[in-house]
Amino acid sequence: MRLRLATFALTALIAAGPAMAELVFPDLSYRTGPYAAGGTPFSDGYQDYFSLVNERDGGIGGVKARVIECETGYNTEKGVECYEATKGEGALIYQPLSTGITYQLIPKVSADEIPLHTMGYGRTSAANGEVFEWVFNYPANYWDAASVAIKYLSDENGGDLSDKKITLLYHNSAYGKEPIRTLEELADKHGYELTTIAVDHPGQEQKSQWLQIRRERPDYVLMWGWGVMNQVAVQEAANIRFPMENFIGNWWAGAEHDVTPAGAAADGYKSLNMNRIGDLPVFDDIKTYVHDKGMAAGDGSNVGKVLYTRGMYAAVLAVEAAKTAQEIHGTPDITAAMMRDGMEALEMTAAKMEALGVPGIGPEFSVSCADHGGSGQGIVQQWDADAGKWVALTDYIQPDSEVIAPLVEEDSMAYASENNIDLRCQ
Amino acid sequence: MPDQLLYGIEVMINGLMAGVLYALVALGFVLIFKASGIFNYAQGVLALFAALTLVGLQQGQVPFAHLINAIFGTEIHHFGWELPAIVAIVLTMGVMVLLAIVIEKFILKHLVNQEPIILFMATIGLAYFLEGFGDIMWGSDIKTLDVGLPQGGSIWIEEKTAALGGDGFYGFFIDRLDIVAALVAALLVISLTLFSQFSKQGRALRAVADDHQAALSVGISLRFIWVLVWSIAGFVALVAGIMWGAKSGVQFSLSLIALKALPVLMLGGFTSIPGAIVGGLIIGVGEKLFEFTIGPMVGGATENWFAYVLALVFLVFRPQGLFGEKIIERV
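Top line first, the protein sequences correspond to chains A and B.
The numbering of the first sequence is the UniProt record's numbering, which starts it at 1 and goes up by one.
The numbering of the second sequence is the UniProt record's numbering, which starts it at 1 and goes up by one.
Excised from the complex, chain B in its bound form (with noise of 0.2 Å):
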């Protein structure tokens, strides 16, 4: 086979893996809009906080350090002890089911029938503040995330398929951790159309994206449905802010990766988990082998600007995107 083509095989399995970590991201925007209709801009900032937590927790800082020792002219940094991993993801976890009832008690609670630019700008608030928030609890140094996930390329893929191509291949070059993040997604979204499908909270989740009103009159509270939602987002936002912040520290930028999501959830549609990993797929691969055919001819870099292309090309078609539900309404 031909070293370019292999090549461009090797592009696309690795656009399969950025996707994955893409529709990551996206998963927590479709979980809120799916449940209250709101665009919650703060998702990316939801990904750094969780993933400062998950540091701070880890290596034993202490909360606030800086302002504690600025106002009481201590000098304390650390606790002193370190946490293992899994207990410092479940005490994040519930850092962020406690952040979850904090938003819904001061900010959601308050907004409810709001025009959904309203809640729009509310997420945008939210995002602000949490960022400022966690940079005041945690710092704003660039912190080493390490949760024993595999970095760098799997060496046993590269000998195996090195024999495919000719003296300039080189092997395919898959990193493991992109393969944990697939797998994490996959065992993710399985679990998520579990739990809607055949939980009671699912379901009840369930019948609130349908219809508010009718899940109200049935009892279902939706004060309750938007801590579990906000949750499960919060959990998803952990997951990726594990996932990016392995590769690069975490770090304020982090909560740019939601630039990442934005044209996948305008591919896939706002509205459905299928959608959100469909839509980060494509986007991978689209964005990925256009950079290596088309970039090289017009200076590279081209992915930030082409992912978006890549959706507007599909909304003109599919305005809903590819899985979102076509909303008709009548005069």
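Looking at chain A on its own, in the form it has when it is part of the complex (with noise of 0.2 Å):
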């Protein structure tokens, strides 16, 4: 009896000592579903980096990174459920690589106090930290992708767009609306005539909207697109003989498998890019400690790839604003509060990159209290077919402020006075 007394209480003091801590991140990921082939790859990158920082440098200042992956099925009422079912676990920050659920996650991570970083996509005035608090969308957002993409037509016509026809193709969706303000501030600008065109959910059928395209002419054609809808649409581009010089995409219709379906047509098709692409040192050690040890995310086939590149780029800077949190507050376990405060503070040099193995991989950019939307500056980049390869085409490009800022501050401002918010950083 004695000994059973004694096992049980040495059991219940085990079982109630410290846990291991453990940094967690989790992955609302999309593997499945329609749009499966872009959310694939973002989550291998996601998800492999921090396997490496756990193999390579046994954790995020010694403690072990812990990712959890949900399936969201890019279906923004499962990306909530995903939230709820993990948030509990310690979360420390979200990436939902969706403007649906980020939508829909806004005003919980501010309710519960968890970092939401939406890379690119997203809400755009949630670059304005004086009122979205928990909201971050460094180092670009949809307005500067617009902005940038201007600014590289308006460089290639000798500074002039006056005399220039523009057309939108735009995903039917929140995303897709997202960059239509912009265009039209920018036209008023640069005296372009803009057209906008939308494509419904999925976008398998757009020979209206390519007929349209046809029989107006435009110059240029931008793309805001994701999934089938960019595949459909260069082979559409490719049908009526658009010139795929002139067809650009934003850094959601840019990767691989958006033109490899149209095979030698696509050749010439651009897109814009945030993160750049080529081989980076950090993935012959994403081989050495990840997939050689069979802990890789996927099946290994998608390293370097766009996607994955930019997954890794969003769990590099995830990592990176851990250690700054660590930093400020001198504790290697880290909250999502203290999250938030790395987040703030984080800053990407050309030599903290080069350091970490992704040299260039991003523009350098800080984030403050105020500004949580970094530098917003991004490339073009035109497809070689031939090669199969993505080229860059140009260094990053500074989008235009001037158009910009007065947007964020007007639409986040709006956001502040429907939901009585405090402005902070005063």
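Think of the hints as simulated: they come from the structure by calculation, not from any bench.
These numbers come from a predicted model, not from an experiment.
Please note: incorrect hints may appear among the correct ones.
[Said to hold, decoys possible] Facing chain B, from chain A, some residues (calculated, C-beta under 10 Å):
1. Gly33
2. Ala36
3. Pro41
4. Val232
5. Glu236
6. Arg241
7. Gly294
8. Asp299
9. Ser301
10. Gly304
11. Ala336
12. Met338
13. Ile397
All C-beta atoms in this analysis are idealised placements derived from N, C-alpha and C, irrespective of residue type, glycine included.
Starting from the two chains in their separate frames, assemble the complex, guided by the hints.
Written out as structure tokens, the structure is:
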């Protein structure tokens, strides 16, 4: 009896003892459904980097990172379910890779005080940290992207777009409609004629839209697409023999799988990118420490692809923010609130990126209490069908903050007013 | 002729072509509903599964490679050979027949005499199962489908028709893939009609469609007919998968093409093969012309919902659809 009691007491003691510390990073991924082709490489890159940090560096500041994957299927309701199911695990940051899910999570993360990072998507005016305490969208947002595209076209045309016709082909959703206001403002400034054409989800059939483009003969077509819409648009553009070099997708319409189904016909298609692509030194480490040990998040075939690199970049930024938070608070066991402090003090320099094995993966930028949006810079890349790879055409292009800053201010202040939010950072 | 009128004609022609593609999907629904009274929710997924299998076989992809690698730690992906398109199509057809046998043996056989809603629910389950099964079998990445189909507008037609209008008219645009799809659809309908009218199995199929009980009483095997009709629906799904997959690559949103078939079925009737074709053409032309004329005034992207509105308007006047059988139930 005494032995049994002793065993029971020992078991209870072990169970009640301090749990192994860990830093939790939920991954709201989508590896199934119509948008899986984009969600899978992003999630692979995101998870592989955390595995690398655990295996190579022993974790972040000596504390292991734990990734909890939850499948959303790019479905907003499922995304919210995933958030609710994982937030109690000690989640430090959420990256839902969906503008629809982002809009639903903004009030929730604000109430639960967990940072939300929507890198190059989501609510653009969340760049204003005075209003959106828990939401970050560095290094760039949709309005930056629209501005970068117009800046590029302006440079291509000697600074004069006044006699040009530009068409925006967009996914008929909150995501697709995001750049319209910016492009209208930029049209006023540069004098180009803007036409907008919507494509309904999923975008499998776009004959009407491309017949309209063929009739109206715009000089340039910009595309805000995602999923099958991208592949069909590239094929339809080729079908009507629209000059591919005048067709520019945003950074969610510029992955390898967006162009490969059209084969050689996609040659010359351009897109924006918020992260550079290419053979980064960190990929060797990922192979050695993660893939060779059988710990890859996927089958390993996506390493180096545009969206794998972007997912990995998202993880790099999360890890660096966590390290910054650890330094600020002097403890390796950070909370979500501390993580936010780390994100607000994040600084990405060329030297830091070089040291991390990701030289030039993104622009240099720093985050502050008021500025959650980063530098907003992006590059333009072009598809080389023969070589089967994207080629960077430009260095990082600065967005037109003269136009964008007032739009961010206006939209975020309207949100603050509607939700009775007191401004921070004053 | 005014350019705007010419462009209207161009939109109408392209609407007809798009309608043929919708009809190709709708045909599979009609075949199964006619023979077994089942509204096959899985028809779109069948098209996806067929296209995935075709590309996988053609490119020599090892089925279930991810699963095998995960379990055994291997790194196999491809056999190292590629099959000619025609061989891959024939083999895929074999897989679809096998699938029809499995569906009959494990699902339909156990649901004989059940309510239609039960059978419908079973096909919903089948759709989700096949979607996941296809994912595990062939992977979720987007695959390029190349069976030698032509792509792009016909330059010959453009040049020959450009003179019809003024400087603002660039000739009629007609996608060569759509022309091929129209020819294939016509061939398919003729073949199906000849098969059902003049072959023994076709007559048996029609007998089952007319009256299950009577067909059984004269010795027709219901199970064989179900396998036959699901095999034919699988073949139709393969054709639809090829045509749609050639446009977008083979990917999981292919299964959503079923959404385009629903208004076609509502309009054309669930039991008529000509109805599927005519319904497809009406929906195709209707939605494209609406988008061309009214779309710009209401912000565009009208096609998805307008197809259903058009079908609903028809339903008000002919609940059984244009060519569907009128069902009269006496109390």
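- Going through the earlier hints one by one, which of them does the structure break, listed in rising order? 10, 11, 12, 13
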